[in-house]
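Enquirer: Below are the chains, spelled out letter by letter.
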Amino acid sequence: MEFIVKKEDLLSQLALVQGIVERKTTMPILSHLLLVADKEGLQLVATDLEVGFRTRCEASISRTGEITVPARKVFDVVRSLPRGEIQFRRSGDHDLGIECEQSKFMLRGLPAADFPSLPETALKDPVQLPAAQLREMIARVIFAITVDDPVYSLNGALFSVEGKTLTLVATDGHRLAYTSRELDIKPLKKGIRQVVHRKTMAELLKLLADLDEEDQISCGEVDNHILFRVDRSVLTSRSLEKSFPAYEKVLPDFDDHQIGIDRELLAAALKRVSLLSSERSRAVRFDLSKDRLEITSNSPDLGEASEVLTVDYKGKGVAIGFNARYVIDFAESLSCPRVRMILKDSNTQGLFLPEEESDAEYRYVVMPMQLRGEEAD
Amino acid sequence: MERRILHLQVTTFPVSVQRVHDPSLRGRPVAILSRRSARAVITAVSQEAHGDGVRAGMCLSEARALCRRLILIPPDANLQKCARAALTRLTAAYTPLVEPVVAGGIFADLTGTSRLLGASRDTAAHIQREVFSRLNLPCSIGLSSNKLVSGVACRITPARELADVRPGDEASFLSPLPASLLPAVRQSRRRHLLTDLNLRRILDIAALPLSRLLLAFQRHGYTLFRQSRGQDDSPVRPSTRQPLIRVEETLAQESLDDDILRATLFLLVERGGRFLRRGGCRAATAHVHVRGGDGRYAARGVRLEPGTAGDRDLFLRLCPALAALTARRVRIRWMELVLTDLRAQEQQLALFHHAPGTRDRALSRALDCIRQRYGEDVVRRRGPAPGPGAA
Numbered sequence: 001m002e003f004i005v006k007k008e009d010l011l012s013q014l015a016l017v018q019g020i021v022e023r024k025t026t027m028p029i030l031s032h033l034l035l036v037a038d039k040e041g042l043q044l045v046a047t048d049l050e051v052g053f054r055t056r057c058e059a060s061i062s063r064t065g066e067i068t069v070p071a072r073k074v075f076d077v078v079r080s081l082p083r084g085e086i087q088f089r090r091s092g093d094h095d096l097g098i099e100c101e102q103s104k105f106m107l108r109g110l111p112a113a114d115f116p117s118l119p120e121t122a123l124k125d126p127v128q129l130p131a132a133q134l135r136e137m138i139a140r141v142i143f144a145i146t147v148d149d150p151v152y153s154l155n156g157a158l159f160s161v162e163g164k165t166l167t168l169v170a171t172d173g174h175r176l177a178y179t180s181r182e183l184d185i186k187p188l189k190k191g192i193r194q195v196v197h198r199k200t201m202a203e204l205l206k207l208l209a210d211l212d213e214e215d216q217i218s219c220g221e222v223d224n225h226i227l228f229r230v231d232r233s234v235l236t237s238r239s240l241e242k243s244f245p246a247y248e249k250v251l252p253d254f255d256d257h258q259i260g261i262d263r264e265l266l267a268a269a270l271k272r273v274s275l276l277s278s279e280r281s282r283a284v285r286f287d288l289s290k291d292r293l294e295i296t297s298n299s300p301d302l303g304e305a306s307e308v309l310t311v312d313y314k315g316k317g318v319a320i321g322f323n324a325r326y327v328i329d330f331a332e333s334l335s336c337p338r339v340r341m342i343l344k345d346s347n348t349q350g351l352f353l354p355e356e357e358s359d360a361e362y363r364y365v366v367m368p369m370q371l372r373g374e375e376a377d
Numbered sequence: 378m379e380r381r382i383l384h385l386q387v388t389t390f391p392v393s394v395q396r397v398h399d400p401s402l403r404g405r406p407v408a409i410l411s412r413r414s415a416r417a418v419i420t421a422v423s424q425e426a427h428g429d430g431v432r433a434g435m436c437l438s439e440a441r442a443l444c445r446r447l448i449l450i451p452p453d454a455n456l457q458k459c460a461r462a463a464l465t466r467l468t469a470a471y472t473p474l475v476e477p478v479v480a481g482g483i484f485a486d487l488t489g490t491s492r493l494l495g496a497s498r499d500t501a502a503h504i505q506r507e508v509f510s511r512l513n514l515p516c517s518i519g520l521s522s523n524k525l526v527s528g529v530a531c532r533i534t535p536a537r538e539l540a541d542v543r544p545g546d547e548a549s550f551l552s553p554l555p556a557s558l559l560p561a562v563r564q565s566r567r568r569h570l571l572t573d574l575n576l577r578r579i580l581d582i583a584a585l586p587l588s589r590l591l592l593a594f595q596r597h598g599y600t601l602f603r604q605s606r607g608q609d610d611s612p613v614r615p616s617t618r619q620p621l622i623r624v625e626e627t628l629a630q631e632s633l634d635d636d637i638l639r640a641t642l643f644l645l646v647e648r649g650g651r652f653l654r655r656g657g658c659r660a661a662t663a664h665v666h667v668r669g670g671d672g673r674y675a676a677r678g679v680r681l682e683p684g685t686a687g688d689r690d691l692f693l694r695l696c697p698a699l700a701a702l703t704a705r706r707v708r709i710r711w712m713e714l715v716l717t718d719l720r721a722q723e724q725q726l727a728l729f730h731h732a733p734g735t736r737d738r739a740l741s742r743a744l745d746c747i748r749q750r751y752g753e754d755v756v757r758r759r760g761p762a763p764g765p766g767a768a
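Residue numbers (the numbering used here), protein chains in the order written: chain A, 1 to 377; chain B, 378 to 768.
So that you can see chain A by itself, here it is in the shape it has in the complex (with noise of 0.2 Å):
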C-alpha cells in the first residue's frame, strides 16, 4: 500500500474523522481508523460500533491496501507537517510510514482484518434532503438531547419523513424541542421513521455546515441503520430503540398567558440572573404582571439578583419557575427578532416559540422548576 496525498485534502477529512472515533474505549481498534487506498482514491473509515463513517480524499494510488492506525495520532502527524504532498507507505504488516520532506514517521496499526465491517452504503430509494433547511431544524433540537440516559431512546432525536414532511423531536425528559418542516420532494410511499443518536446529528451537522443553500443530501434506511450521504461522505447509524415517548401528548394546546418578548433581552437577562442562582438547578422565577415580566433568581449561599423586563402581556399575574439554562438553549437556537411563552401555573409545561410563523414550525416545550414553598398537587 503506498500514497501520495496533500496536506490540505487529507486534513479535512481526518479532522472529521475525529468526531467517531472513540478515545476512550475497551476494543483498541475503535480508537483507529481504516485507511484503503483503493483505484477510486483513499477512502477513510471510522466506527464506535453505533456510529460509522467513510469519507474520500483525493490521493496518488501507486499500490493498492489497507491499514489501521490511531486516529488521533495520525491526525495529529498530518497536522504538524508543513504545506505540501505527503507520502504513505505500508511497511512490515501493521506499520505506516509517513513521510514530507525531511519528516519521516512510523506509526504501529492494527490489523486491518479487525476493523469492524459497516453496512452498505448504496441506497436503494434515498430521500434528497435540502442541506440547508435540515442544518437549520438539527440546529434547533439538538441541544435538547439527553448526553447519557438510562431511557436509551432519549439518547437520540427522533427523525421521521412522512409523504413530504421532515419532523424531528428531541426531549431529555424535562423539555422538548419539535420541529417539522414541509419539503419540496417527491412523498415518500414508505416514510422514514428512527430515533437518531445524538452523535450522529452532531456528526451531520459539521458535515452540513459547508454546505450551500442549494445543496441536497441523500438519506435512507439500510437494514437497521440509517443512512446520510452528504458529497463524499457516508454517515451511519445503527437504529435506536424505536419507542421514542409519545411527545404529540405534551406538546401544549392551552394559551392562557402568551406573552411576547424579545428574545436576545431574554437570553441576556436570563444569563446574567441565573449567575446567582444555584450552581446544581440553575433556578429561575418568572413573575409575570401585566406588561412586566421580572426574573429572580435566589440562592442562599450566593445571594439574589433580579430582573424586569418589559413585555407584551395583559393577562392576569403568574409565577412560575424554570431551568434558565433550558430557556437560554431556547433563545439561542433561533435568529428571529421576538419570541413568544404561552405559560398556565406553575405545574404545567410551558410553551416558546418564535413569534413570527415561518415555513418551519417549531415548539420548544419546558417543564417549570417547583421553587422553594412550592408543591405539586
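For the record, the hints were derived by calculation from the structure and aren't laboratory data. One or more hints might be untrue.
To be verified - For the chain B half of the interface with chain A, some residues (derived, Cβ under 8 Å), not all of them:
hint, residue
1, L494
2, A721
3, Q724
4, A727
5, L728
What you are looking at is a predicted structure, and each value in this text was computed from that prediction instead of being measured. For each residue, glycine too, the CB sits at the ideal point set by N, CA and C.
Since the structure of chain A is already known, use the hints to place chain B on it.
Expert: For chain B alone, kept in the frame of chain A given last:
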C-alpha cells in the same frame, strides 16, 4: 517551611461550659443527660464522675448506681454554641487558619507565625493560658508538625498541660502508644481485627510492611501504614458552616424488636422531615446513629441523591442502614437521625411522568399543616413497611 499544627481540646467541654455558667458545679461529679428519664443516656461526664466509673453512653440508672452524688444537668446548646464561637475567635487572633472540630476542639495552623509571635510552643502556651483566664475553660494542647500527631498528643495530655512533639519525632512519639489512638482504628471492626492480629501498639503496626496491611485492611491499610508512622498531610481548613438537622429519641425500653425500632426511626424521620420542609430544603445525606444497651455506639450513613424531603422516601432509604446497625443483635437504647447536605427544594418537573416522591411529599406537607394547627399528636401516619408497595 516547617509545619506547626496545634490541637486544643477543652476538657469535657459540655461539663466545663456548664461550670462556667454555674460555678457551684466545680469539683463535683457532673453528667450531662439528654432528658430526664430512667432510660436516658449520659452524653458527657466530668472527671470526678469518671473517677467513680460513670461513662458516656451509660443509662441514668446505671450511672446512679455507680455514683449516688452524681449531679445531672441537661445540655445547653446555646451556651455550647457561644463557647465554641468564643474559643474560635480567641484562637483566630493568633492565626487565620483555624478549624473547629468536635465540641470544644480546635486545630490551628501556627506555621510561619514564629517571626511575629515567637516560638510556636510559647504561642500555644499563651493560647492555653488565655483560654483559661478569659473563658475559664481548662484545655489540653498538642503541638506537632501535623494534625494526626497533634490530635493524639492532645488526647493523652492532662488538662491544662501542653505536649510538644518536635519535627522528626512523630514516629517515635507514637510508637509506644495504644493502636486505638489512631483515627483509622476508631472504626470498631478494624479495632477488633487489630486485636485479633495482636497488634496492640502503634509500633506493632509500623513494623508491618504495606503489602501485609493492605492484605488485612484492604484500602484502609495504606491509611494505617501512614498514620502508624505519624504521617499526615491534611491541611487545617477554616470551617464552612454546614447546616444540619439532628433529631434523637431514647427508647422507653431497650429493644431489638424490628417493629419498635422501625417505628422509632419513622418517628425521627417525621420530625426531621418536618424541619426539612419548614426550611424549604431536602437532604442529600442522612446518618442513623444508635447506642446499644452495652453502651456501644454505631452509625451508618446513606446518600440520598438528589435529595429528598418526603417522609416515606426517607424512611425506606434508611431502613437498610437500621438493619445493618442492628445486625449485632444487641438491644438498642437510643437512636439519632442526622440530616446533612441540605439543598434548596428546587425540583425539575418531568414531562412524561410524575417525579418520584411527589405524592409522598404532598402528604407529608398536609400532615405538617394539620399538626401545626391542631397539635403534634392529632394525626399519626402509619409507618410504611420497608418493602415495595407499602403505604
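Enquirer: I'd like to know which numbered hints this structure contradicts. Please list them from smallest to largest.
Expert: As far as the earlier hints go, only 1 is violated by this structure.
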